[in-house]
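Each chain, written out:
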Amino acid sequence: MPETPALSVRNLRVEFPTRRGTLVAVDDVSFDIAPGEVLGIVGESGAGKSLTGTAIIGLLEPPGRVAGGEIVLNGQRIDNLPREAMRHIRGKRIGMVFQDPLTSLNPLYRVGEQIIETIRAHLPMSEREARARAIELLIEVGIQGAERRIDGYPHEFSGGMRQRVVLALALCAEPDLIIADEPTTALDVSIQAQIIQLLKRLCQERGTAVMLITHDMGVIAETANRVAVMYAGRIAEIGPVREVIKSAHHPYTRGLMGSIPSIEGTNDRLTQIPGSMPRLTAIPKGCAFNPRCPHAFDRCRRERPDLMPVDHSLAACWLVAPQSAEARS
Amino acid sequence: MLAFTIRRLFEAAIVMLTVALMAFVLFRFVGDPINQMVGQDTSLAEREELRERLGLNDPVLVQFGRFIWNAARYDFGISYQVKRPVTSLIAERFPATFELALTAAFFAILLGIPMGVYTGIHRDSWLSKLFLSVSLIGISLPTFLIGILLIYVFAVQLGVLPSFGRGEVVRIGGWTTGLLTASGLKALILPAITLGLFQMTLVTRLVRSQMLEVLRTDYIKFARARGLGDRAVNFGHALKNTLIPVITIIGLQLGAIIAFAIITETVFQWPGMGLMFIQAVQNADIPVMSAYLLLVAFLFVLINLIVDLLYVWIDPRVRIYGREA
Numbered sequence: 001m002p003e004t005p006a007l008s009v010r011n012l013r014v015e016f017p018t019r020r021g022t023l024v025a026v027d028d029v030s031f032d033i034a035p036g037e038v039l040g041i042v043g044e045s046g047a048g049k050s051l052t053g054t055a056i057i058g059l060l061e062p063p064g065r066v067a068g069g070e071i072v073l074n075g076q077r078i079d080n081l082p083r084e085a086m087r088h089i090r091g092k093r094i095g096m097v098f099q100d101p102l103t104s105l106n107p108l109y110r111v112g113e114q115i116i117e118t119i120r121a122h123l124p125m126s127e128r129e130a131r132a133r134a135i136e137l138l139i140e141v142g143i144q145g146a147e148r149r150i151d152g153y154p155h156e157f158s159g160g161m162r163q164r165v166v167l168a169l170a171l172c173a174e175p176d177l178i179i180a181d182e183p184t185t186a187l188d189v190s191i192q193a194q195i196i197q198l199l200k201r202l203c204q205e206r207g208t209a210v211m212l213i214t215h216d217m218g219v220i221a222e223t224a225n226r227v228a229v230m231y232a233g234r235i236a237e238i239g240p241v242r243e244v245i246k247s248a249h250h251p252y253t254r255g256l257m258g259s260i261p262s263i264e265g266t267n268d269r270l271t272q273i274p275g276s277m278p279r280l281t282a283i284p285k286g287c288a289f290n291p292r293c294p295h296a297f298d299r300c301r302r303e304r305p306d307l308m309p310v311d312h313s314l315a316a317c318w319l320v321a322p323q324s325a326e327a328r329s
Numbered sequence: 001m002l003a004f005t006i007r008r009l010f011e012a013a014i015v016m017l018t019v020a021l022m023a024f025v026l027f028r029f030v031g032d033p034i035n036q037m038v039g040q041d042t043s044l045a046e047r048e049e050l051r052e053r054l055g056l057n058d059p060v061l062v063q064f065g066r067f068i069w070n071a072a073r074y075d076f077g078i079s080y081q082v083k084r085p086v087t088s089l090i091a092e093r094f095p096a097t098f099e100l101a102l103t104a105a106f107f108a109i110l111l112g113i114p115m116g117v118y119t120g121i122h123r124d125s126w127l128s129k130l131f132l133s134v135s136l137i138g139i140s141l142p143t144f145l146i147g148i149l150l151i152y153v154f155a156v157q158l159g160v161l162p163s164f165g166r167g168e169v170v171r172i173g174g175w176t177t178g179l180l181t182a183s184g185l186k187a188l189i190l191p192a193i194t195l196g197l198f199q200m201t202l203v204t205r206l207v208r209s210q211m212l213e214v215l216r217t218d219y220i221k222f223a224r225a226r227g228l229g230d231r232a233v234n235f236g237h238a239l240k241n242t243l244i245p246v247i248t249i250i251g252l253q254l255g256a257i258i259a260f261a262i263i264t265e266t267v268f269q270w271p272g273m274g275l276m277f278i279q280a281v282q283n284a285d286i287p288v289m290s291a292y293l294l295l296v297a298f299l300f301v302l303i304n305l306i307v308d309l310l311y312v313w314i315d316p317r318v319r320i321y322g323r324e325a
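If you read the protein sequences in the order shown, they are chains A and B.
Going by the working numbering, the first residue of the first sequence is number 1, and it counts up by one from there.
Going by the working numbering, the first residue of the second sequence is number 1, and it counts up by one from there.
Please note that a few of the clues may not be correct.
[Stated by the list, open to error] Restraint ranges, calculated between C-beta atoms of paired labels, are given here: (1) A:A193 <-> B:E213: 44 to 50 Å; (2) A:A132 <-> B:I137: 52 to 58 Å; (3) B:I137 <-> A:K200: 57 to 63 Å; (4) A:P63 <-> B:L136: 24 to 30 Å; (5) A:D306 <-> B:L136: 52 to 58 Å; (6) A:P82 <-> B:T248: 39 to 45 Å; (7) A:Q197 <-> B:R8: 46 to 52 Å; (8) A:R65 <-> B:I189: 43 to 49 Å.
[What the hints assert, rightly or not] Here chain B is said to cover these stretches of chain A; the calculated rule only asks that three of the stretch's residues, wherever they fall, bring their Cβ under 8 Å from a Cβ of chain B: (9) 37-48; (10) 87-93.
Keep in mind that the hints were calculated from the coordinates and are not lab data.
Each residue gets a CB set at the ideal place from its N, CA and C atoms; glycine is no exception.
All chains should be modelled from the sequences, with the hints used to inform the complete structure.
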């Protein structure tokens, strides 16, 4: 990539020390997001998607901690910043959108108070300037009658409207990066598309990078430029969204794609990946996916594959390794 | 808002009427007041005459009606024991109890809330553990024991604080206050701590558990993700969300402090209403007892009303429900 990536994550490792040993929840995860690019992160629950996002914004709940790797935001390393410096990154340079707009806003404060408070935490503005900016933002995210609604309480807004407010909050200091953690999961299907379109448009206009965490492949297909598939704390495959969806290299990704219903699909039954993702306490030796993989062979049970280039993607699978190309069938 | 207030006032009136009925019925069974009032050599005719004069021979309904009518005009009759209007007895005693209760409540709130917030935020610090251990003592020790322990340490052993009474009081209008003299303030310390310790531990533990709950919510996580400082998050966003249950409990406990100051007042010989009530019970002084009961009920109802109105002030969601209902 010629330009500096908005976000660059290198070998990120997140650990949870417990009484029975240390759990590695995110293991050796690396990826870049370019300015204006949307990177989708998909995977089952517990694959480490949300934790990766939480680690980047520096809000891991103790005892969880970043145990290794680097997080670089526009050329500045941020994973080792002191507490107070990190606070100024949050909200200002990294915005975050959570899953449930119904619970993301404090019920006791007016919507405007929450936006103004956030603006003034990051930008040198007076109360009046911040209020004017808050109204502009609300108009921009499509709130009708923003000048009136700014004095409403969160409970007076519908779910979709609240997620728009949350978007306005995430964007209010023009961040370089937005981490959207399941931003549409709690919304009606008809609203989902609107919110996703809005998120995409706003970020493209501003050249904001987006890390879109979801388990909804439909959302990814519509929105993301590239997609990373996570499994048991590691990236299984990362590549351009079309390639990953149409011709995935990793058997897990193929299984994941096979489990999406499609309107044109001729199959009555969706394919299903047998078994379930291993617990963090019992990640198998070799490739973490090998017990569920229909193509597993000896090497998969002995050695853990790293990401290897294949076509325009990277996949962590021995099937794509040059010397075992013949094993692919 | 107006409809909400009116409905609450109406409910309050019904509660007061019920308490009045109970006070009236209950105290008709505590014994014959005439026996307490007169000596052994009083003749039957004289007793009968006194009974007639006090209206004790009228039909029950008439007596109850008269009781309600008088109570509504703040007239609880003449104390059988000291032969003076009950209202003037209360007026004499109320300031002492009120000042004691208020000091105890302030002590409980001003120490309890910060301790609760601190232990909620710094779950594992040694100071939190110390606070929680102390609060365990406060919750488990009975009031009279705490009072006696405090007297033993500070009055008997160290001799720095008085063990009984109110000290010097200053009279301002009809109100006597001990807050303006050094000896009055010194006399207030031990009883206020005794009375407030339990409430303080209650507030600490309540605020702590509420903080723990609120700090886990999404909007706190989101507030941090927006880059707000610790102060704004902990005090602006978290503490305000803990206030509804905390205010409820503090309100109820404030009523309880006033009503159940009896034990503390007995231990410290504090010249308040609790002591007055105990003496009234010993002498079957019905007008004083029923007046005390009604007054305490009135305070409870009043405090609850204020708490309800505070909800509306704190939580915008209550405003909606109040309007719709």
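Comparing the hints with the structure gives:
1. Between A:A193 and B:E213, the C-beta spacing of about 35 Å breaks the proposed range 44 to 50 Å.
2. Under the hint 52 to 58 Å, the C-beta atoms of A:A132 and B:I137, about 55 Å apart, fit the expected range.
3. Between B:I137 and A:K200 the C-beta distance comes to about 59 Å, which sits within the given range of 57 to 63 Å.
4. In this structure the hint that A:P63 and B:L136 lie 24 to 30 Å apart at CB holds, the actual value being about 26 Å.
5. Against the hinted window of 52 to 58 Å, the Cβ-Cβ separation of A:D306 and B:L136 comes to about 54 Å, which satisfies the hint.
6. At roughly 40 Å, the beta-carbon separation of A:P82 and B:T248 lies within the given 39 to 45 Å, and the hint holds.
7. Taken as a hint, the range 46 to 52 Å holds for the pair A:Q197 and B:R8, whose Cβ atoms sit roughly 48 Å apart.
8. Taking 43 to 49 Å as the suggested C-beta distance range, the pair A:R65 and B:I189 conforms, at roughly 47 Å.
9. With 0 residues having a Cβ less than 8 Å from any Cβ of chain B, the region 37-48 of chain A misses the three-residue criterion, and the hint is violated.
10. Coverage of a stretch by a chain is defined here by at least three residues with a beta carbon nearer than 8 Å to that chain's beta carbons; for the region 87-93 of chain A and chain B the count is 6, and the condition holds.
Checked against the numbered hints listed earlier, the structure breaks hints 1 and 9; every other hint is satisfied.
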